[in-house]
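J.: Take a look at the letters that make up each chain.
Number of protein chains: 2
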Amino acid sequence: MSPAGRPRIFDMEAVLEAAMLLFWEQGYEATSLAQLRETTGLSSASLYGAFGSKEGLFEKAVEHYIAGPGSVTDVVADEAESPREAIARLLHGSIDMQTDTSHPRGCLVALSGTTRAPGAGEAGARKVVAARRAADRARIRACVVRGVTSGELAEDTDVDGVTSMIHGFLLGISTQVCDGMSARHLHAAADAVLANWDTRGR
Amino acid sequence: MSPAGRPRIFDMEAVLEAAMLLFWEQGYEATSLAQLRETTGLSSASLYGAFGSKEGLFEKAVEHYIAGPGSVTDVVADEAESPREAIARLLHGSIDMQTDTSHPRGCLVALSGTTRAPGAGEAGARKVVAARRAADRARIRACVVRGVTSGELAEDTDVDGVTSMIHGFLLGISTQVCDGMSARHLHAAADAVLANWDTRGR
DNA sequence: TCAATATCGGATCGTTCGATCCGTAAATGG
DNA sequence: CCATTTACGGATCGAACGATCCGATATTGA
Chain A
6 MSPAGRPRIF DMEAVLEAAM LLFWEQGYEA TSLAQLRETT GLSSASLYGA FGSKEGLFEK
66 AVEHYIAGPG SVTDVVADEA ESPREAIARL LHGSIDMQTD TSHPRGCLVA LSGTTRAPGA
126 GEAGARKVVA ARRAADRARI RACVVRGVTS GELAEDTDVD GVTSMIHGFL LGISTQVCDG
186 MSARHLHAAA DAVLANWDTR GR
Chain B
6 MSPAGRPRIF DMEAVLEAAM LLFWEQGYEA TSLAQLRETT GLSSASLYGA FGSKEGLFEK
66 AVEHYIAGPG SVTDVVADEA ESPREAIARL LHGSIDMQTD TSHPRGCLVA LSGTTRAPGA
126 GEAGARKVVA ARRAADRARI RACVVRGVTS GELAEDTDVD GVTSMIHGFL LGISTQVCDG
186 MSARHLHAAA DAVLANWDTR GR
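Chains as they are written, first to last, in the numbering used here: chain A, 6 to 207; chain B, 6 to 207.
What you were told as hints is all true, and nothing was included just to trick you.
Just so you know, same-sequence chains aren't split out, so a pair can sit in one copy or run between any two.
Distance condition first, Cα-Cα at most 20 Å in a straight line; then the derived SDA-like pairs of lysine to any residue: (1) K132 to Q31; (2) K132 to D184; (3) K65 to S51.
Treat the hints as calculated values from the structure; they're not laboratory data.
With the hints as constraints, model all of the structure from the sequences given.
T.: Given below as structure tokens:
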């Protein structure tokens, strides 16, 4: 049954999409409520009524991102793929997404990791993206473990080391893309990472 | 000869060190003039008289960083080292520096790359760090080229691809360190990157 | 039909932002 | 010795910040 009171007019999906794009483009702190009001077309009252705070809106926008463009990293959890193929799709897919000119460059999750003011204000905003990064890392690590058990990687492979290499490169893609690095070179770099994978086989 | 007028009282080095640490810890945008005044002990008048603006102070603080902790990446330009050794020192040295608990985590240059508000205000602040990243990349690339000409790397090596792999991993270290990744795993990851280098030899 | 509930636009809150101004102090060069 | 120049502490600027309040509107359940 519908909740009591006046139903909301605005399109939640459209608002989250607009807010996501703005946060993606500018980062959390550099994005003001005035800009969010303009891009969403909503008033402060509507924004605060629906999301509680700027942080609350950011969290929902990040979830929208993770379910949308950010979902490219989900392939790494697909156990139907060989571990190597899963990593390959993760890296090449992320590069394609982040260099797609139909939306801001880079990865919202990776780029939001830098702002770390001590104030309690932004702690929540950091948490959401940090949690996603931890999840990505865990899935990459699981993939590496699969590679060892399947024999793709040597038994004495340093699992956390290889994981950090792959995840580190993945995180570094965002900065490179923002600096104007071409997709072509990044795809070649991803191949270099994968070549490493291959030569660790037995 | 000394310039006319009242000489400045404060210790420029100490002020730049304090400002650098604060920007390093919090990022450019999250750091306020009030905080800078407190940590430097200077008044607004002194700050603006000496640096012109918050951006001006940031630029000087970044230069101070590059000449200090950030100088660990300079080893990659040392042509007395073999290309592989230069890259090894670059990566392991950066990891040691960024995980050193005597100062903020990560790399100021890498972490300041994410904030990209469209306002003209922060453009100058971004420029300084972006220029340093471009310089780092150029020096890594020169190292890779040296590796090809010296025969350490195969002749058909994709120079820009390998460069992007190394630089991408280097940039990703900062985020990983800020997320709490241990130096041990990162060193292992650097070894994995270098193992790639080795297997590309002939 | 009406009390209760919730959203809306828009005005406005107190705070903090980066930056400037002012009166005073300390050095220079003539 | 004095005019000039620069640096200092501290008060203060207008603008923008995130957040709240208010009157009007629209929907529900009784």
